[in-house]
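Asks: Residue-level listing of the chains:
Number of protein chains: 4
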Amino acid sequence: MSQPLTKVGIVGASGYTGEELVRVLARHPHVQLAAVCSRTLAGKAVADEIPRLRGIVDAGLLFSASSPADCAASDVAVWFLALPHGVAAEYAQPLIAAGKRVLDLSADFRLRDLALYKKYYGHDHPAPALAAAARYVVPELQLDDAWKQAQLIACPGCYPTSIQVPLVPLLRAGLVQPEPGRLIINSYSGVSGAGKKADVGYLFCERDSSIKAYGIPGHRHIAEIEEQFGVAAGQPVVVQFNPHLAPMHRGIATTIVVPAAGVTAAQVEAVWQQAYAGRPFVSVLKSGDFPDTAHVANTNRVAMSVVADARTGNLIITSVIDNLLKGAGGQAVQALNLLMGWSETAGLR
Amino acid sequence: MSQPLTKVGIVGASGYTGEELVRVLARHPHVQLAAVCSRTLAGKAVADEIPRLRGIVDAGLLFSASSPADCAASDVAVWFLALPHGVAAEYAQPLIAAGKRVLDLSADFRLRDLALYKKYYGHDHPAPALAAAARYVVPELQLDDAWKQAQLIACPGCYPTSIQVPLVPLLRAGLVQPEPGRLIINSYSGVSGAGKKADVGYLFCERDSSIKAYGIPGHRHIAEIEEQFGVAAGQPVVVQFNPHLAPMHRGIATTIVVPAAGVTAAQVEAVWQQAYAGRPFVSVLKSGDFPDTAHVANTNRVAMSVVADARTGNLIITSVIDNLLKGAGGQAVQALNLLMGWSETAGLR
Amino acid sequence: MSQPLTKVGIVGASGYTGEELVRVLARHPHVQLAAVCSRTLAGKAVADEIPRLRGIVDAGLLFSASSPADCAASDVAVWFLALPHGVAAEYAQPLIAAGKRVLDLSADFRLRDLALYKKYYGHDHPAPALAAAARYVVPELQLDDAWKQAQLIACPGCYPTSIQVPLVPLLRAGLVQPEPGRLIINSYSGVSGAGKKADVGYLFCERDSSIKAYGIPGHRHIAEIEEQFGVAAGQPVVVQFNPHLAPMHRGIATTIVVPAAGVTAAQVEAVWQQAYAGRPFVSVLKSGDFPDTAHVANTNRVAMSVVADARTGNLIITSVIDNLLKGAGGQAVQALNLLMGWSETAGLR
Amino acid sequence: MSQPLTKVGIVGASGYTGEELVRVLARHPHVQLAAVCSRTLAGKAVADEIPRLRGIVDAGLLFSASSPADCAASDVAVWFLALPHGVAAEYAQPLIAAGKRVLDLSADFRLRDLALYKKYYGHDHPAPALAAAARYVVPELQLDDAWKQAQLIACPGCYPTSIQVPLVPLLRAGLVQPEPGRLIINSYSGVSGAGKKADVGYLFCERDSSIKAYGIPGHRHIAEIEEQFGVAAGQPVVVQFNPHLAPMHRGIATTIVVPAAGVTAAQVEAVWQQAYAGRPFVSVLKSGDFPDTAHVANTNRVAMSVVADARTGNLIITSVIDNLLKGAGGQAVQALNLLMGWSETAGLR
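Chains as they are written, first to last, in the numbering used here: chain A, 6 to 354; chain B, 6 to 354; chain C, 6 to 354; chain D, 6 to 354.
Derived from the structure by calculation, the hints contain no laboratory data. Note that the coordinates shown come from a computational prediction; the quantities given were computed from them, not determined experimentally. Treat the hints with care, as some may be off.
Repeated chains share a single entry, so a pair holds when one copy, or any two copies, can fit it.
[Stated by the list, open to error] Lysine-lysine pairs mimicking DSBU-like chemistry, simulated, CA-CA at most 35 Å apart: (1) K291 - K105; (2) K105 - K49; (3) K202 - K124; (4) K291 - K153; (5) K123 - K291; (6) K49 - K124; (7) K49 - K201; (8) K202 - K49; (9) K291 - K49; (10) K105 - K201; (11) K123 - K105; (12) K12 - K291; (13) K291 - K202; (14) K201 - K12; (15) K124 - K291.
So here's chain A without its partners, still in its complex pose:
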């Protein structure tokens, strides 16, 4: 291959999303994983600290503790930020100023409405100018190529990905009417969604055999879901979003109920087929088949289907993703692939 590799780096590589990014990028045909940063693990070997990466990264690859300034000064062209919100913006600013491409997996640049940011995150936005320049990108939902010019890509949250892929095309097509309070979304997430935190609540013995709701009614992901839905529908949309924890490592299962208002399952499927024709990561299952988190684990795929319930007048839409790939690191790499002009699936099959 004569094309030179693109140098990429990851900041915040010690968590579950960071691990997944390392796994994907280390095997990606068009990139060189040139920097893997973690303040807490700096100087240690990646494969020692995250043994699931043994054999995937070189044994000699070390975590570095690069500061924002260090990252900006390096020759790494593309940076993935797998950092807590707030911290991500501290890195994004010098990196963008230095001309780097940034794919941010935090919540810092997902919202255009910074009042919404303040409401859901509890403080003023740390970098308003940058927020205005960022693009929120679910790759399959982009209507043209303008986003590929964005220097700063805001990667969607895990729940929002599982929700937008089925619903945005329907909102755009007017098949789903956003009546207030009638878009009912229940999502069930694997425990890795909570991150790699030393917290009693995420111990094996607490989460085994456990399903429970949490964060109702004000989960932060509502902000980006509703903002994106508003754009898609051309009017404000209010969603009922109920997140839950489920006893599995990875995966999100989302079940959506909306009034059918005369729309049939076939019409929904037709919109999906058109919206996702040729897209390698979206599977529309036939009505009556239901997607299964186990079937998309360790993939960048979305699987989904729709059922119309004649008795209730509702459409029931179910979708599944792997929260760490399509819901985080995989989708970020997918975006990079597209904006660089590489195959959409490079590194992701």
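With chain A held as given, fit chains B, C and D onto it using these hints.
Replies: Just chains B, C and D now, with coordinates in the frame of chain A:
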């Protein structure tokens, strides 16, 4: 204790519900577990075939293969039927004719409307006269003691139990308006809900890490939910019921969304507190705390709470049970305790 | 029942073993659970902090923060200590001085040889005089009733229980020759064995799908195993003990290989049958049937069996227990039952 | 890439090993997956029947029901047989006669001593001449390239792979003395090792939370382990092999105890380092670090380490693999890569 023990028997004791009934009844202070029947395991020792019962039943206790006539002719006063629908009726008829008390855990006697039975179960009801005489009993939802005279008790399904305990008092009080299609119920069940069937779909390797919907839109439990809700509301009720499988042995987690229509969480809680005052198996958690299947595993309890979502105008109610106890065998024993005048918790703590 | 209830208390009730003790003692027919102490949770309701205990303890039961002096001054007659080693001794001393009965679940009083204590625990024994007075009690292995006079009972560790029940009778009978290095013990423990610690290593996402060895070759439980084996065999015994973590909440599975030296499976079984005749918590399975951790979960039982391998000249002994019951709190209550003259199974069925 | 793709086929593709072979071969850079055969699923789409393969194989790829003669007559050059023993031989004979390359994952051609085959498999070997021509191949253990000429490759069993990789170099180097009955091997396998069988024993509810031994003392894998060890040691070797089931989808954890006889951990490591220098799939962890099944899941890797126990005079060796990859399909592809002169890791990273 001078009171003589009541002789009880179980037909269909080889499955997961049967096992749970054996476990509870073998340690129950007021009964003698006099017969444990299973055609497939007849003549074998219960503790050998179901090793989780070792130490709970006598090593010498054998499965018997008693026919309906044998059971009817025996001196066992109370029979629990843990049989497939259709088969249960074959036993219930001679047992009732012989004056036995029968607690049926199948679907055979849950419905008053036998057209509904035919619609959901695909054949004419096998014993219409008996169906008319049966009482469907969630113990906490009985308004008076008339049910205790019933010779044949229809024990509710697992999903319906997790749904009726939170909702029936609200429907009765008029706090929930049964607008068509707006009672949205998502339930997630442990794999034991599917029974002890040699089926590839329920293998460890298929269900591990897997959440998936199934049986939407026509799950059979809809019939009993809607019939009971109709009685509670005084008008027909149509529910959106979405069952799912979750990667755990036991437990059901139900999340219900209904329009609040001005009703507050406090009003819901007040109705619950009144309906369930003094009931030992119902816990109302405070709003913002969410019940967890792991917290009710191996108990006969229901835990539930409500949140009002001001943004959406909905109430979100979550409830959890152990599908094999409160959702099956435990609730059946609870009913027996009450109709015999024993402590409601006998054998169930 | 005319007999007055015995007041019991638990110190260190916030962990997994403490929870199990609360569960058992709250339902025990002969005791009143009069004190549940935890420094970290003092003043909070037990059923709120450990929701799995909801419905098992009174809603009003609070954790107290009693100091050693407070406990000694109270009218509670029997104390269970579910504390880290070192801390347990701080409580045991004033309690014993005040005439209380103490069942200690820590390692503080398991060893007679205090040099061994120092070697394995890294510091001088905190209460040597008390150590000399304590009795190490696996109830099934006591040869007479002298232990019942002990004021301080040292409850065995979880692994050692699963190992001693099968092996001690064989060592006593001389059926197993303790050749150096030839008693090979592999044990696999559920994650609760690690306690309720906020540690990344015990997160769901780290332990799911994971089996790994740890603590080889110097696990602390070796000390008590070898000391007890030495007494049983009448000579020093050295064991190869290999502990592992397994992806389950509770349970220990132990597999032991020893040279048969002409001993048959039938001879082993005969010794077991004699040693455990009438003991309610020990099941000897027939050779070729293998015990299963799932079959003893939530019980105080040991199940075990032996196979002779003619090709290798070895005996293979497998045993299983629930680490939190027979391996901790259940066995402590079993000891109390016996020394108080109650039914051995009181509170444990 | 100018090199033409090699056409490969799989017979018996409906099971867990078959699925894994499809996954690997569909993405392999040098092969074309030209035939995926299953009698039970013939005519159906692979991605419909095994939804975990959706997005990995073309939606149009169908299972075919090719007979041995059909396979032999096809233009597919290389066949993987993922069939039960006995059936594999029926395919291997015509395929070999037709000049095809065959990688057999069954037990049919693993043994040179056909009396051993009869002893462990209960019937005469179905194709003795072919058995003599087959090569048993753990790629890392081949001492020269002669095996690459074999037309029929017998792929090792899952347990034997986890056992031979650590031990064969030590037996060859004389570091482990094969004293009778003193090579003690305990292995713990994920449930997928039992195959995709509709059997109550492998249901989620039976295997969840369950560790149990099985098949002691005569598990069939003993035959190939001992035969290979005999060659490595230059004398007969008898092993104590104790297999167990563990509550996880995939993975094998093996713990081996052998008398050290003066050999140090460092000596063992030195032999391993030499034997596996440059081998991409073997990781030697430093003594005191223990390998973890979760760290090799979904990889073709072996991780292992050794500890010397001065107290017992034993070496304790622990190893882990993914039973479906390094223990089955992955290792078969690794063998193909090497004999075709491709990169050893092609399709396996």
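Asks: Does each hint hold? Answer for all of them.
Replies: Each hint tested on the structure:
no.: 1; hint: K291 - K105; in the structure: neither (43 Å within a copy, 39 Å between copies)
no.: 2; hint: K105 - K49; in the structure: within (26 Å within a copy, 49 Å between copies)
no.: 3; hint: K202 - K124; in the structure: both (25 Å within a copy, 34 Å between copies)
no.: 4; hint: K291 - K153; in the structure: within (33 Å within a copy, 46 Å between copies)
no.: 5; hint: K123 - K291; in the structure: between (41 Å within a copy, 28 Å between copies)
no.: 6; hint: K49 - K124; in the structure: between (38 Å within a copy, 32 Å between copies)
no.: 7; hint: K49 - K201; in the structure: both (18 Å within a copy, 28 Å between copies)
no.: 8; hint: K202 - K49; in the structure: both (19 Å within a copy, 25 Å between copies)
no.: 9; hint: K291 - K49; in the structure: between (48 Å within a copy, 15 Å between copies)
no.: 10; hint: K105 - K201; in the structure: within (28 Å within a copy, 44 Å between copies)
no.: 11; hint: K123 - K105; in the structure: within (27 Å within a copy, 58 Å between copies)
no.: 12; hint: K12 - K291; in the structure: between (41 Å within a copy, 32 Å between copies)
no.: 13; hint: K291 - K202; in the structure: between (39 Å within a copy, 26 Å between copies)
no.: 14; hint: K201 - K12; in the structure: within (27 Å within a copy, 43 Å between copies)
no.: 15; hint: K124 - K291; in the structure: between (40 Å within a copy, 25 Å between copies)
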